[in-house]
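*Asks:* Chains as they are written, first to last, in the numbering used here: chain S, 256 to 675; chain B, 10 to 389; chain F, 197 to 460.
Just so you know, these hints were derived from the structure itself, not from any lab. From the three backbone atoms N, C-alpha and C, an ideal C-beta is built for every residue, glycine too. Just to be clear, a hint being listed does not mean it is correct.
[To be verified] Okay, derived cross-link-like pairs now, DSSO-like style, lysine-lysine, Cα gap no bigger than 27 Å in a straight line:
(1) B:Lys128 x S:Lys593
(2) F:Lys314 x B:Lys242
(3) S:Lys636 x B:Lys93
(4) B:Lys240 x F:Lys314
(5) B:Lys337 x S:Lys332
[Said to hold, decoys possible] Residues from chain F that keep clear of chain S, each with C-beta distances beyond 12 Å, as calculated:
(6) Lys219
(7) Glu220
(8) Gln234
(9) Phe250
(10) Asp385
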Amino acid sequence: MEGTTYKVNRLKTTNEIRPLVDKHWADLRTAKERGELVAWASGPTFIFAYAMGMKCHFMAGYASYCGGIGAGEEVLKVAEMAGDLPESCSYHRLHMGMAEAVKRDIEINPQALLPLPDLMVAGRLCTEMSYYAEGLYRRMGVPVLPIEFPMIFEKEDIPRLREFMYRQFTEIVIPEFERVCGKPFDYDRMSEILSVLKKVATLRNECWEFFKDIPARWTLWDYGVSIAPVFYLMGNPKGITYYEKLLKELQERRENNIPAIAPDGENYRLYWDSWLPWAFLGKFMRKFTPHGAVCLCGRYPWEFFPHPELIDPEHPVETWTDLYFGQQSHLCYNFSPKGAIDSIGELIEEYSLDGMVMFSSKTCRLWNVSQMEVLDALEKKYGIPGVVIEGDMIDSAMISDSQIETRLEALFELIDSRRT
Amino acid sequence: MENALARIVGIATDPYSYVTQLKEERNSKVIGCFPMHIPEEIIHAADLLPVVIWRGDEPVTWGHSHVRPYNCGILRSFVDDAVKGKLSFMDGMVFHIRQCLPAQEPPLIMERNLKLEYKKILYMPPVYPGEAIRDFLVEDLKSFQQSLEDYTGKKIGDDKLRESIEVYNRNRDLMERVYAIRREKPDVLKASLLMKIVFAGMVMPKEDHNVLLSEIIEGMEATRGEIGKGKLKVVPVGCLCQTPPFEVLDMIEDLGMIMPDDDLFVGSRYFANKVDHNGSPIEGLADRYLSKVPVCATKGIWDVHWGDEVIKKVKEVEAKGVISVLAKFCPPHTCYYPDFKNKLVEEGVPEVLIQVEHEMISLEGIKTRLQSFAESIGGV
Amino acid sequence: MAIVVGVDIGSLATKTVVLGPGKEILAYDILRSGHNYQQASQESINNALSSAGFKREDVSYILSTGYGRGVATLSSLADAEVTEITCHAKGAERLFSDVRTIIDIGGQDSKVIGIDEKGDVTNFVMNDKCAAGTGRFLEVMASALSVDIGGMGDLIMSSSGKVDVSSMCTVFAESEVISLFAKGHKKADIAAGIADSIARRITGLVGQVGLKEKVTMSGGVAKNRGVVHAIEERIGTSLVVSEEPQIVGALGAAIIAANRTKDL
Chain S
256 MEGTTYKVNR LKTTNEIRPL VDKHWADLRT AKERGELVAW ASGPTFIFAY
306 AMGMKCHFMA GYASYCGGIG AGEEVLKVAE MAGDLPESCS YHRLHMGMAE
356 AVKRDIEINP QALLPLPDLM VAGRLCTEMS YYAEGLYRRM GVPVLPIEFP
406 MIFEKEDIPR LREFMYRQFT EIVIPEFERV CGKPFDYDRM SEILSVLKKV
456 ATLRNECWEF FKDIPARWTL WDYGVSIAPV FYLMGNPKGI TYYEKLLKEL
506 QERRENNIPA IAPDGENYRL YWDSWLPWAF LGKFMRKFTP HGAVCLCGRY
556 PWEFFPHPEL IDPEHPVETW TDLYFGQQSH LCYNFSPKGA IDSIGELIEE
606 YSLDGMVMFS SKTCRLWNVS QMEVLDALEK KYGIPGVVIE GDMIDSAMIS
656 DSQIETRLEA LFELIDSRRT
Chain B
10 MENALARIVG IATDPYSYVT QLKEERNSKV IGCFPMHIPE EIIHAADLLP
60 VVIWRGDEPV TWGHSHVRPY NCGILRSFVD DAVKGKLSFM DGMVFHIRQC
110 LPAQEPPLIM ERNLKLEYKK ILYMPPVYPG EAIRDFLVED LKSFQQSLED
160 YTGKKIGDDK LRESIEVYNR NRDLMERVYA IRREKPDVLK ASLLMKIVFA
210 GMVMPKEDHN VLLSEIIEGM EATRGEIGKG KLKVVPVGCL CQTPPFEVLD
260 MIEDLGMIMP DDDLFVGSRY FANKVDHNGS PIEGLADRYL SKVPVCATKG
310 IWDVHWGDEV IKKVKEVEAK GVISVLAKFC PPHTCYYPDF KNKLVEEGVP
360 EVLIQVEHEM ISLEGIKTRL QSFAESIGGV
Chain F
197 MAIVVGVDIG SLATKTVVLG PGKEILAYDI LRSGHNYQQA SQESINNALS
247 SAGFKREDVS YILSTGYGRG VATLSSLADA EVTEITCHAK GAERLFSDVR
297 TIIDIGGQDS KVIGIDEKGD VTNFVMNDKC AAGTGRFLEV MASALSVDIG
347 GMGDLIMSSS GKVDVSSMCT VFAESEVISL FAKGHKKADI AAGIADSIAR
397 RITGLVGQVG LKEKVTMSGG VAKNRGVVHA IEERIGTSLV VSEEPQIVGA
447 LGAAIIAANR TKDL
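Extracted from the complex, chain S is given alone in its bound form (with noise of 0.2 Å):
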């Protein structure tokens, strides 16, 4: 309101996720020197290297460390050294400049430096994960296990799209990193990655409830941090443990009606549309806050298995696809836009909201397929107003400090104007 001063209420639990974040990478870094076999993988791949024990980064894991590290800039300016033309996808950009800076020589944050992998499994979730494995091989000569990951786009294609996924995993992937590997596929160990996700996301699910109250108990950057355990973390039972921890922060937090906006909550309560902007998650926030505005949910943060029930460790690889393909799958309707308006409706009634910001990330447009159309018939549909903020995932060059706040601010407005 008014002439109140917002700020946020900084959980503790979260402070423990860095070490965890770190640690992963450490050992990543260090793998090839304790005689362990690295994978890098893009698109829902990891999992398979996990069960071999290999280390493994992820795409988009490991923009969102770099983001964290501060180390974006630099690896981008490699890149463009090494000739990449800036309009080109910054996760491609950034995984260039890495593997430039090592192939040159450049010094770059040695922290954001990985060892080249064995094997790199190119989920084609989107045709940029292929861009950016065929770049490596062709500048490095990684070797690629490439796997097509297509979006589905009807729902009547799904028994055909189901049946493709099954086939690669089966005859392409795990025998490719049997070959890698030189051992049969460990089963078990993929079946036990996956009953430490089920608990994880289970937990998870439990904490999303604490969005809903109003005042909201924590914000969707509280949430941004917390992604590793059901994401590239996964597998990993201290992601139990953080995510115990968490909910009960956040039941301490009900009990006691501290609110994740000081002093009394929040003011306007908002759907992010599209990445986390992973570098500049701080500065997002600082332009939210002091308008007494929070991030509540978004279709993204979402799709990191919001229905742990449907996962079944016993049958790892057919749960796997199904998860992702399977009739009751609710992830990758969620990538069609024509499902987006479902999705989000959903949570715009789940979590009563009343505005929708619309990330664009100019580099990106994976999660803003047709994003305008979504907004309007969301906006037809809910009579709640969004704009659309041009932004980047970790390039700051595509950024325009003012126009977005202007944006904002103009949203606030609209939704004053509706409540009186």
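Once you've looked at the hints, dock chains B and F against the given chain S.
*Replies:* Quick look at chains B and F alone, frame taken from chain S:
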């Protein structure tokens, strides 16, 4: 030949009127295909009129409220044409959503803004190893065929499909002949006119195009021509699924360069590789798509280097250099470009990059690039 | 006696160089192009010739270059035109024979040129049609900061900590600069941020051509110590800049003109 060329230029200049009129004359339905890889033969076999969607001739206005500015020009222009009602002659559309990111945008936009009788999403996968890929592609094309049969209420037998493939293969033969003559005497046809010939073929029934091509070939054979003395041979290369702006092609020639061949979709790539229809015709269509050469950056081919293939072409026609034509915000080309360029640098083939957009505000910068390139390969 | 003239008609300034029979520089001239390129080029050529003590009829060959090069050939003022890319290469090679990379920031565009030991262009890139990283960008920013363009260099050098100006786009950067100013940042620090924004853009172009030392910078912006310094920091090597970096293109044009008269 002059009449045939005039007809070509007319169609290329105003494809909207041409297709509208054609639809009336034939009393048939028009199915728009998002470029580049949709097998039109199946639509042809369903007795429908396939047309490859083109970049329009107007600056984007209403389209801006449906698609972000940092999408490629063909997508923005196509969406703009659609929401302005300029594509109302289209009864159906086919999208290949796995081609590139921009290709995923239009299905919902079209669904919400056009009244289409028929819409089909294709998932044609990249050219990755493994039987699963080929089997899925064949299934995808079969489902395409099935959807067309459902739409028309008529079965498409294998023989019918083979007949259509034969028409298309004939077209590919004729186009190859046009290119072969022009490689010998490139001054017989301006490059922009050559590309109009290819483009017109994308919106015309192939039977009609074949008739025009036969006339043009006869004319070309009868015309004396030679490689202009003092002209610098260059090869335009790109991944753009539209023609390069014609004025840029003319500019290249005005600056003393000549293009005896190309590696462009609206160019030599469109008619490369014939379909083998001796076995299952659907599998023949799938196998044509799966061929790795000519390399297309959208197809996930990494064991054949695009640069190597272009260098082969450069050597064949004894060209002095390569002009890369990049449509701004074309992700596959943008990501491939550094590797392509590095390969040419390694092999000592001069290359220059021209970025084109739907709204070409200034050609002056492009002219300076091209002129400098001509000066550097030709010696000042 | 065979003297030759190179005239570089840029979007902001027109430059002329007069070379003597031994290709020595006899005189040069720089003036603002204004709206009439033809008039500007005539005037600049006349100025340069008169300071060299020659008349038009003494000139055996005039070669034009730059954004307005076509105007001079169309009006038959010049005998031929060559692009500024080729001319900058020839001019830079004459001034610094061991230079392999040229950064030229002009009013309309910026470019990076790779050259070999003969001064022949091996490859080059130009920025796209937007004004990011050009002389025009610097002018707009100077006016947004209400400082004189000539004073920008010293202002940048006096900064103790640059502010991050992330936008490359002139329109966005202008509003960003205004809002930074409103937030109370020092002019010098914002100016340093602007210089760095140009430097980042240029670094990208250098990357595409491939950094080969030595590197020279030409064009009017090379007179701005602050921008030169910012580029040096970004690309990690020092730049050699001639006493009059604005005439490098015109010098190259005159050298090509002299070579052509030999062939006549």
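*Asks:* Find the nearest Cβ of chain S to the Cβ of glutamine 234 of chain F and say whether that gap is larger than 12 Å.
*Replies:* Holds: least Cβ distance 37 Å, greater than 12 Å.
*Asks:* Beyond 12 Å from chain S, beta-carbon-wise, is phenylalanine 250 of chain F?
*Replies:* Answer for phenylalanine 250 of chain F: holds, closest chain S Cβ roughly 46 Å.
*Asks:* Is the claim that aspartate 385 of chain F lies outside the interface with chain S correct, judged by CB distances over 12 Å?
*Replies:* holds, 16 Å
*Asks:* Find the nearest Cβ of chain S to the Cβ of lysine 219 of chain F and say whether that gap is larger than 12 Å.
*Replies:* holds, 36 Å
*Asks:* Hinted pair, alpha-carbon criterion (27 Å max): lysine 636 of chain S, lysine 93 of chain B. Please report holds or violated.
*Replies:* At roughly 24 Å apart (the allowed maximum being 27 Å), lysine 93 of chain B and lysine 636 of chain S satisfy the hint.
*Asks:* Tell me if the straight-line CA distance from lysine 128 of chain B to lysine 593 of chain S falls inside 27 Å.
*Replies:* Roughly 14 Å separates the two Cα atoms, so the pair holds.
*Asks:* Quickly compare the C-alpha distance for lysine 314 of chain F and lysine 242 of chain B to 27 Å and report which way the hint goes.
*Replies:* holds, 24 Å
*Asks:* Hint check: lysine 240 of chain B vs lysine 314 of chain F, CA-CA at most 27 Å. Holds or violated?
*Replies:* Holds: lysine 240 of chain B and lysine 314 of chain F sit about 24 Å apart, inside 27 Å.
*Asks:* Against chain S, does glutamate 220 of chain F keep a CB gap of more than 12 Å to every residue?
*Replies:* Glutamate 220 of chain F clear of chain S: closest Cβ-Cβ about 39 Å, beyond 12 Å.
*Asks:* With a cut-off of 27 Å on the C-alpha distance, tell me whether lysine 337 of chain B and lysine 332 of chain S pass.
*Replies:* holds, 21 Å
Of the numbered hints listed earlier, not one is contradicted by the structure.
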